[in-house]
Amino acid sequence: ELKVEQNPLFLSMQEGKNYTIYCNYSTTSDRLYWYRQDPGKSLESLFVLLSNGAVKQEGRLMASLDTKARLSTLHITAAVHDLSATYFCAVEKSGTYKYIFGTGTRLKVLA
Amino acid sequence: DVKVTQSSRYLVKRTGEKVFLECVQDMDHENMFWYRQDPGLGLRLIYFSYDVKMKEKGDIPEGYSVSREKKERFSLILESASTNQTSMYLCASLVDEKLFFGSGTQLSVL
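In the order they appear, the protein sequences are chains A and B.
For the first sequence, position 69 (counting from the first letter as 1) is numbered 69 according to this note's numbering, and the numbering increases by one without interruption.
So the number in this note's numbering is just where the residue sits in the second sequence, counting from 1, plus 111.
Zero decoy hints are in this set.
Computed from the model, here is a short list of chain A residues facing chain B with C-beta under 7 Å: (1) Ser42; (2) Leu43; (3) Tyr97; (4) Gly102; (5) Thr103; (6) Gly104.
These are computed hints drawn from the structure, not numbers from a lab.
Beta carbons: idealized from backbone N, C-alpha and C, even for Gly.
With these hints in hand, go ahead and build the complete structure from the sequences.
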């Protein structure tokens, strides 16, 4: 069974600081996704990582994928309040179209 | 722009009622999904469909069924609603390796 674990589950950080969210998954997959969810809203796609060593960056967020370690990271650089949201990673169970989500990391950036 | 529309934002139903949650996408996508979201549990896959009349069980299909008679519409059915099915239900459509989500239906079963 494919399991996806994120840590930390909650993160409170000061503006201007850096931090990393981790996503581990239990079985082989070459596709990993990051989503953002604002309170009361639906999920919005941030990054799609499709191969080992893939790195994507958008603004203050950078995501990377290590398929051998079954690990993805979402790095936040110089956090700002607008980044406060819940972040989910998701993994496709290879060849099945089953997308399994982690439990989410609730990020709060304090001014 | 991809549009995934869920017909109701909030629903209140009684235990034992039959409940239909509707999801429509406007881009002829093949793959559609139903998830439920609960605090501390993230999103859990209920069912998905890869074509008309085709469906696959997700991780928590018990108590649910689905219908896909037309490509653009994927319905989630609660045959006999129970209080433990109170949750946020999210529909999604797969486009170019990304899942696009509807705005969600918050279902309360009393």
